[in-house]
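Engineer: Spelled out, the chains give:
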Amino acid sequence: MLEIKNLHVQLEEEDKKILKGVNLSLDPGKVHAIMGPNGSGKSTLSYVLSGKKGYEVTSGSAHLEGNDLLVMDPEERAAAGLFLAFQYPVEIPGVGNMTFLRSAVNSQRKLRGEPEMTAGDFLKAVRDKAKHLKIDSDMLKRPVNVGFSGGEKKRNEILQMAMLEPKMCILDETDSGLDVDAMKLVAEGVNALRDKKRTFLVITHYQRLLDHIKPDIVHIMAAGRIIKSGGPELALEVENNGYAKLLEESS
Amino acid sequence: MASSLRGDTADRLRLNENLLATSGQWFKNARLAAAERVESQGLPQRRDEYWGYTQPDAFLQKKIDFDVDLNSPLELFSKELSEVINYKNGILQEKKLPAIPGCSVESLSDAATLDNHWAGTVFGKLEAVGQIPVQRSLAALNTATASQGLLILVTGKVKKPIRINAVCEGTSDTIIHHIIKVERGANVTLIETGQYGARANVVLEVEVEGDGTFNHIRMQNGHEHNALTHIFGRIGTNSTFKSFTLTSGGRLTRNECILDLVGDSSRVSVAGACIGDEKFHHDDTVFVTHNAANCESRQVFKKVLRDGSVGVFQGKILVKAGAQKTDGYQISQSLLLDDNSQFLAKPELEIYADDVVCSHGSTSGAIDEEALFYLRSRGVPKAKAIDLLTLSFIAEAIQEVESPELADALLAHVTAVLEVR
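These protein sequence lines map, in sequence, to chains A and B. Using my numbering, the letters of the first sequence map in sequence onto residues 1 to 251. Using my numbering, the letters of the second sequence map in sequence onto residues 1 to 421.
The shape of chain A in the complex, shown without the other chains (with noise of 0.2 Å):
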């Protein structure tokens, strides 16, 4: 599905290198995780697989189902079946949510070449997954974000994934800012979304969203690259043990 070889990225204004020789390959239907300790490039991967500015690839590439990522817009990327999960959701005062939302479907669907969705059947779909989210229609009205707590904030998030139905879903700590409850409430949201052919990269610090959002492959990130991966089980050595043994072995 995703496949990234030696990534170089860096800093557009500044001389700092970032991302270091990142390499991954996930398969279809498989939940990965990357865990790693603040500053070791885990977000900057989300966002430069998902083409935001301020990030120079100086070498290395990134491919969704064959397709040069690197190459696309933002909105390409999208259409191509990509989606990042945002850690900080953006408030878009005046917009409402719906409105945003249909734009985004359609917008895609246009990209893609497919017909736009009715006004009917967006609603009929929307309120459908939104109920398992427990989004109520005030939510569904207000402004994109606008006023939401920071647990609505990640469910909102999870609608429109659940709308926009991509191929390759990223979560940028997802689980930040959010109390048990509101996590367990996301986590069902993913779950509900996995199948064979969708994939997921979950970013954390922490193992506890991964025993509501259970990975199939873990991976250790540190200084830019990806130093371990390892079964479930490497997310329990780190819970248990931090990231300094890990570190250790691969310095």
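Please keep in mind that the hints were generated in silico from the structure rather than gathered at the bench. A portion of the hints provided could be inaccurate.
Simulated pairs of lysine to aspartate or glutamate, EDC-like, Cα-Cα distance not exceeding 20 Å [claimed, not checked]:
1. A:Lys-110 <-> B:Glu-419
2. B:Lys-63 <-> B:Asp-173
3. A:Lys-141 <-> B:Asp-110
4. A:Lys-53 <-> B:Asp-368
5. A:Lys-141 <-> A:Glu-76
6. A:Lys-53 <-> B:Asp-338
7. B:Lys-28 <-> B:Asp-110
8. B:Lys-157 <-> B:Asp-211
Short derived list, chain B residues pointing at chain A, Cβ under 8 Å [stated by the list, open to error]:
9. Gly-361
10. Gly-365
11. Ala-371
12. Phe-373
13. Arg-378
14. Glu-396
15. Glu-400
From chain A, some residues computed to sit far from chain B (all C-beta separations above 10 Å) [unchecked claim]:
16. Ala-79
17. Ser-103
18. Asp-121
From the three backbone atoms N, C-alpha and C, an ideal C-beta is built for every residue, glycine too.
With chain A's structure known, arrange chain B on it following the hints.
Structural biologist: Just chain B now, kept in the frame of chain A:
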């Protein structure tokens, strides 16, 4: 501001003298007094303090060049929502004005022949008060020469908004003067729509007596118009005055709003948004005087500028001695979509009372990159994402509009404007 009167103004005043022969006493008095104001004050010049950012030339020239043929009628604020009164090229088109429960509507030209009229206490009177401390001679010129306009006396609660739809053809050079008097405990919503032609000078004098409400929504369209508008408001005790203007076209637009809060515990809001590019020059000049205690005033303006267009905001809050517990607020913001456009802001506070809260702010900014990335990462193409963020920017000003239906109609209009440009 002293200068001798040039071509067009002198012509207009001479024309005025002819019309005076058929005028009733109240109207004659108002016009003569206004003509004297124009003559003694002279016309605005570039060196005047409040004409520093906007050149008055287009309003002073004898003739104005105009070669754009306009014909794009605007269907906004559906008819069910309001009573519509149509003007074309500055002339009232209705043979019979609608009978609206809660108010009376007359045309200025009919009322002008009467010897006495209630409008005599408002017509030219608020405009005259509004000449101090800043002279507004072009408004006085309007009073001295206007023969078209509506006189609306609001005596009760008017359910549907009253809409004035003034459409002008290209070369028209119009002068219109409306009077609204909201009597004690009454309320009304006035909507102005249409398209200006080559040049327009529109004055609205609004008196709100105690416990009254006046809501005003104005849509300014037209490709190449030069429009100068003045609103003069006198707001009594425990009353509400709200005016919102959306400008989405035109070459030169200057909207002045001069409010005098004369009764305690009133609330006023003057707000607006504009979208323009290239030769678009948009000026909001606002002067709110707190003459009474415990009043709240808000000025909220948003300007979206592109391709070399210019936005101007001159906003003043004057708090007179004794106007304690005043809550004054003023914000003017521009969204500059490129490096060629500019926003010129002159916020002013002048306060002579010691127990007041007044704040003002002004910002200029570009599209927020973080928000733009967020939208694009969801598949929204860049141009559409910029439109959505522009809408978001303007929506904050539209929040000043009380009625959710009218606010929605304005948002829908902004969306449509963004789509076609």
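Engineer: State for each hint whether it applies.
Structural biologist: Taking the hints in turn, this is what the structure says about them:
1. A:Lys-110 <-> B:Glu-419: This hinted pair holds, its Cα atoms lying about 16 Å apart.
2. B:Lys-63 <-> B:Asp-173: holds (9 Å)
3. A:Lys-141 <-> B:Asp-110: violated (49 Å)
4. A:Lys-53 <-> B:Asp-368: With Cα atoms ~12 Å apart, Lys-53 (chain A) and Asp-368 (chain B) stay inside 20 Å; holds.
5. A:Lys-141 <-> A:Glu-76: Violated. Lys-141 (chain A) to Glu-76 (chain A) sits at ~27 Å, over the 20 Å cutoff.
6. A:Lys-53 <-> B:Asp-338: This hinted pair holds, its Cα atoms lying about 18 Å apart.
7. B:Lys-28 <-> B:Asp-110: Distance of about 14 Å is within 20 Å: holds.
8. B:Lys-157 <-> B:Asp-211: Roughly 12 Å separates the two Cα atoms, so the pair holds.
9. Gly-361: At 16 Å from the nearest chain A Cβ, Gly-361 (chain B) fails the 8 Å test, so the hint is violated.
10. Gly-365: violated (14 Å)
11. Ala-371: Holds, about 5 Å.
12. Phe-373: Status holds, d = 5 Å.
13. Arg-378: holds (4 Å)
14. Glu-396: holds (6 Å)
15. Glu-400: violated (12 Å)
16. Ala-79: violated (5 Å)
17. Ser-103: It is violated; Ser-103 (chain A) is separated from chain B by about 6 Å at its closest Cβ, not greater than 10 Å.
18. Asp-121: For Asp-121 (chain A), whose nearest Cβ neighbour in chain B is about 17 Å away, the distance exceeds 10 Å, so it holds.
In this structure, the earlier hints numbered 3, 5, 9, 10, 15, 16, 17 are contradicted, and the remaining ones agree with it.
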